[in-house]
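*Asks:* Single-letter residue listing:
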Amino acid sequence: MQDTLRLYGYSFSSRILLGSARYESPMLLVEAINAAGPAMVTVALRRQIQGGLQAGQAFWEVLRATNRALLPNTAGCYTVKEAVNTALMAREVFETDLLKLEVIGDDQNLQPDPFALVEAATELVKQGFRVLPYCTDDFVLCRRLLDAGCEVLMPWAAPIGTGQGPRNPKALRELRDRLPDVPLIVDAGLGLPSHACQVMEWGFDGVLVNTAVSRSIEPVRMATAFANATRAGRLGYLAGPIPVQDLATASTPEIGKPFWGEASQSAAKVTA
Amino acid sequence: MSLTVNGQEAQMPDPPTLEHLLAILHLRRPYAVARNEELVQRSEYQQCNLMDGDRIEIVHPSAGG
Numbered sequence: 001m002q003d004t005l006r007l008y009g010y011s012f013s014s015r016i017l018l019g020s021a022r023y024e025s026p027m028l029l030v031e032a033i034n035a036a037g038p039a040m041v042t043v044a045l046r047r048q049i050q051g052g053l054q055a056g057q058a059f060w061e062v063l064r065a066t067n068r069a070l071l072p073n074t075a076g077c078y079t080v081k082e083a084v085n086t087a088l089m090a091r092e093v094f095e096t097d098l099l100k101l102e103v104i105g106d107d108q109n110l111q112p113d114p115f116a117l118v119e120a121a122t123e124l125v126k127q128g129f130r131v132l133p134y135c136t137d138d139f140v141l142c143r144r145l146l147d148a149g150c151e152v153l154m155p156w157a158a159p160i161g162t163g164q165g166p167r168n169p170k171a172l173r174e175l176r177d178r179l180p181d182v183p184l185i186v187d188a189g190l191g192l193p194s195h196a197c198q199v200m201e202w203g204f205d206g207v208l209v210n211t212a213v214s215r216s217i218e219p220v221r222m223a224t225a226f227a228n229a230t231r232a233g234r235l236g237y238l239a240g241p242i243p244v245q246d247l248a249t250a251s252t253p254e255i256g257k258p259f260w261g262e263a264s265q266s267a268a269k270v271t272a
Numbered sequence: 273m274s275l276t277v278n279g280q281e282a283q284m285p286d287p288p289t290l291e292h293l294l295a296i297l298h299l300r301r302p303y304a305v306a307r308n309e310e311l312v313q314r315s316e317y318q319q320c321n322l323m324d325g326d327r328i329e330i331v332h333p334s335a336g337g
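Those protein sequence lines, which keep their order, are chains A and B. Here the first sequence stands for residues 1 to 272, where the numbers follow our numbering. Here the second sequence stands for residues 273 to 337, where the numbers follow our numbering.
Hints are not guaranteed to be accurate.
Where chain B lies over chain A, by a calculated footprint (3+ residues, C-beta under 8 Å) [claimed, not checked]:
hint : segment
1    : 20-31
2    : 68-76
3    : 84-96
4    : 244-257
Hints listed in this document are in silico derivations from the structure and should not be mistaken for laboratory results. Owing to the predicted nature of the structure, the values given are computational and were not obtained by experimental measurement. From the three backbone atoms N, C-alpha and C, an ideal C-beta is built for every residue, glycine too.
Using the sequences plus the hints, can you model the full thing?
*Replies:* Now the structure itself:
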């Protein structure tokens with residue numbers, strides 16, 4: 001059965017998005033991309049640093065050779081103006097109007113600034129961008145971002161790079177329930193494949209991971225693990241989990257059980 | 273004329289255009305350029321006359337999360 005992720009009219013067969021930062025080498029990044037098979041790979045813009053490993057020509061050449069769709073970010077922007085200017089430059093360089101919009105409000109936990117985020121999103125949608133905002137799990141913020149014209153939201157699981165996994169499961173699940181038709185991608189804070197699997201089981205449309213893969217001991221193996229976990233969680237969601245119950249329900253049929261009515265039943269009652 | 277290019281002072285003969293500056297810098301593609309925090313589109317490099325004190329920012333693709 002075909003299960004397609006649709007973001008702004010683009011269709012993807014994968015539900016994992018992979019960040020390109022913090023790999024030991026460009027080659028390792030490419031191997032991780034091949035292992036994860038991501039829908040998109042996030043990228044950034046920086047000044048050219050002489051001899052810089054990740055900012056170098058090798059990075060761009062090998063990344064381009066993977067033919068993956070790219071999702072430029074506005075990482076490190078703290079104001080609306082910075083974010084808008086960075087977005088315009090990203091569109092010029094990467095020739096895409098897709099944008100992961102980041103406007104950071106606190107340099108300790110890299111939490112999105114909700115007010116500046118809505119303002120920047122409003123402006124960028126007007127300028128023709130297809131904005132995927134990195135946001136918190138605050139429902140009203142998410143609604144304001146939708147009002148601003150965002151068609152996809154990317155709520156955090158936890159602060160960037162922490163690997164904590166979903167810090168506020170109730171808020172995330174509520175968001176999922178309240179916005180059933182909006183593509184929601186959990187971005188930031190995932191550390192383990194089980195975290196990805198968990199949010200996918202909850203019905204999220206995708207996950208975006210970077211540090212959890214790139215800073216693991218074996219990034220290529222971890223990329224595979226995240227891809228499999230994301231798929232597993234998605235399948236679990238689609239399959240429709242059973243409701244959780246307080247009391248046990250025997251899975252093995254009672255009918256035809258040997259020694260029926262003998263000591264085993266009364267023993268169970270005594271010990272129960 | 274004195275310019276700031278990626279945060280560093282640079283001297284240029286005047287009157288140069290942005291296209292001249294980019295030619296001197298031998299940049300690898302792709303890149304994008306902002307002048308005084310405003311994007312200058314590729315098609316505008318030739319007509320973009322630089323002014324004393326302009327702040328030029330040039331960015332390239334980079335790793336990002």
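*Asks:* Confirm or reject each hint.
*Replies:* We went through each hint and held it up to the structure:
no. : hint    : in the structure
1   : 20-31   : holds (count 5)
2   : 68-76   : holds (count 3)
3   : 84-96   : holds (count 7)
4   : 244-257 : violated (count 0)
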